Amino acid sequence: MSDLVQLTKQNDIAVITINNPPVNALSPGVPEGVAEAIDQINKDDSVKAAVLIGGGRTFVAGADIKEFGKLTSGKPRGAGLLPVLLKIEDSKKPMIVAIHGTAFGGGLELAMSGHYRVAVASAQVGQPEVKLGIIPGAAGTQRLPRLAGVQTAIEMCTTGNPVKAADALKFGIIDKIIDGDLLAGAVAFAREVADKPAPKTRERNEKLGNALENAPIFSAARDTVAKKQRGLKAPMAAIEAIEASTKMPFDQGCQQEEKLFIDCLFSDQSKSLIHVFFSEREVSKIPDIPKDTPLIPIKSAAVVGAGTMGGGIAMVLANAGIPVLLKETDQAALDRGLNTIKSNYDTSVKRGRFAPEAAAERFNRIKPTLSYDGFAGADLVIEAVFEGMALKKEIFQQLDKICKPGTILASNTSTLSIDEIAGATKRPESVIGLHFFSPANVMRLLEIVRGKATSKEVIAAAMNLAKTLGKVGVLVGNCRGFVGNRMFGPYRREAQFLVEEGAAIESVDKAMTDFGMAMGPLAVGDLAGLDVGWRIRKEYRHLEKPGVRQPFAEDNLCEQGRFGQKTGAGWYTYDENRRAVNDPEAVALIKKWVSDAGTPQRQINAEEITDRCLYALVNEGARILEEGYALRASDIDIIYLNGYGFPAHRGGPMWYADTVGLKKVLARIEEFRRQHGELWEPAPLLKQLADQGKTFADWGKTETAAAR
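The sequence shown finishes on residue 708 if you use this note's numbering, and the numbering steps up by one all the way, no holes.
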């Protein structure tokens, strides 16, 4: 028998234990070991029933995703698992599956092949395959509706969200919740059912409904997926597979599921989502920061500035159990900040995200102040005032005098130099950028900016803090705009140029949302506040190269007091519910400005809009990679997926460019260079990789990375 699976006995009950740490994934050897154990149990007349359980901290958290990631040409993993599940289901002895931790993906498919399922109250079950661009591949879409019903199966397989044990019991996925020791409870349950007929899940058809009942369920599900998961292949395939369970015998349903599974597995969407899965785990690996770097403990914090960002950051810290001082310069601003925080917590309570007591506990961790009293004891201070270098340097000078040695001094700046800010202190090694994204209490991304003097201990503490806060921390270098905003500049520059050249405002945004972006680039500006970018551009105006074209429409809108949603008008106007409405006044203003500037007007199609916006993003990303401000192309992808609304099923901007082909991307950029001038000069790294027939994903795996 496989070393990954052990067979023992507790008198008349056999116990099969899967031991494949850390999460008991169904790696090669595990299914085979389980099958061998079943054969032995069925030959042993002294055994009345068997329990299948996971060793360590969990049952089976899923298939081995590395097997999917390899995208080998052989049979997919799910197809290989199905015969083992049929063997379990056909066992002569009742099979009781005991679940703790999680039973996800292949783990739940394994559990559903048992005759009974028991679980501890803290366990969770789910079919999250859709998050990797695939569907269950070992009869998950066929057995789940037989246990939980069609509606629940659709919801679980299309969203990929986990279900808690109590709900799983209510749905019929599990048969009993075990209090106390799981194995002892499962063995006792096994003895109770040992002499009863063992129900085979595949033969349970009572919850499958009929065509008349199911038609509106499937129709509504497809409508929901079309709206909420635009353009995604896997959720629609999951619905189709579940529908097959209601219309075909089990064996035929499994064949249909396998066909759909393979279609999804070899799709670009699945490859992209598997890339995202592994990239998120890769970002925490920093070549020059050893794993055993001592961590600076962060048990208390302070935030300077109670505006939108400062208040959101205070909430994030409080939600993680870290008490935080929140400072403002005057009482009115402090009250506004606290009221916004209170309102956010109240909304969370109304939506059922927090119990009232939990929200109150979090709110009470935030202590308002108008002075720096108490800052001396903070382990971490985050400055979150508006983007002005003079003000930030003044604050850091004060913090340097007040804070104890070893305090991490962080700036939430989105564009300004961390080195220049650190230069205002006598401890530049303690200064780091912690660039949260708005709203800070919602967005997952934390861009961590290392200055030239930032110590390894401070970097390690910041990366660890990201995990504590439930964020995806990505380490970047210190350049103007860092990684995210430096790339976002050319992206939005092209969006503005396109409007100035004749594209309708809403056409630019629609082209990008049709591509899959969460919002269009102009609508994003209105949401963030057009004045934010305007202020930054004025800060850096002296660095712009004379004679190079710069967009002017957005700055002109700001001069008219049109800052976006906050003033009720920007590129669009906004109704009382902050819904964007096309604005004839904005169109008329822009028409006048481009006429005065003598900008030629023309018809612009959606393909040009997406290519110019996306390839501007990619070209700047290539420069950032070559200059060493991002460690990996995949780090850039993670930044854009988690901070800028880039569609996950396209893998991120650099992965997307790889899927298009860098030769094609380069050819298009060279075309834009001929048409629009030096702003479209191809990045040397892009040219190099295209000429070599390589990809951004290749770069960093070769001697190029070693030479950096």
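Do not take every clue at face value.
No more than 25 Å apart at the CA atoms, straight line, and that leaves these computed lysine to aspartate or glutamate pairs for DMTMM-like [claimed, not checked]: (1) Lys66 x Asp263; (2) Lys456 x Glu506; (3) Lys48 x Glu192; (4) Lys9 x Asp263; (5) Lys87 x Glu361; (6) Lys566 x Asp611; (7) Lys48 x Asp175; (8) Lys664 x Glu678; (9) Lys687 x Glu627; (10) Lys350 x Asp330; (11) Lys510 x Glu361; (12) Lys510 x Glu607; (13) Lys9 x Asp175; (14) Lys350 x Glu192; (15) Lys545 x Glu361; (16) Lys591 x Glu506; (17) Lys48 x Asp64; (18) Lys350 x Glu361; (19) Lys164 x Asp179; (20) Lys467 x Asp167; (21) Lys510 x Glu544; (22) Lys233 x Glu206; (23) Lys164 x Asp195.
Each pair of labels, with its calculated beta carbon distance range [stated by the list, open to error]: (24) Asn582 x Glu539: 41 to 51 Å; (25) Glu394 x Asp288: 24 to 34 Å; (26) Ala667 x Asn339: 45 to 55 Å; (27) Val548 x Val660: 23 to 33 Å; (28) Arg480 x Val581: 45 to 55 Å; (29) Thr468 x Pro405: 15 to 25 Å.
Please keep in mind that the hints were generated in silico from the structure rather than gathered at the bench.
Since the model is a prediction, treat every value here as computed from it, not as a measurement.
Don't be surprised by glycine CBs; every beta carbon is placed ideally from N, CA and C.
### Structure-inconsistent hints, enumerated in ascending order
Violated: hints 2, 4, 5, 6, 10, 11, 14, 15, 17, 20, 21, 22, 23, 24, 28.
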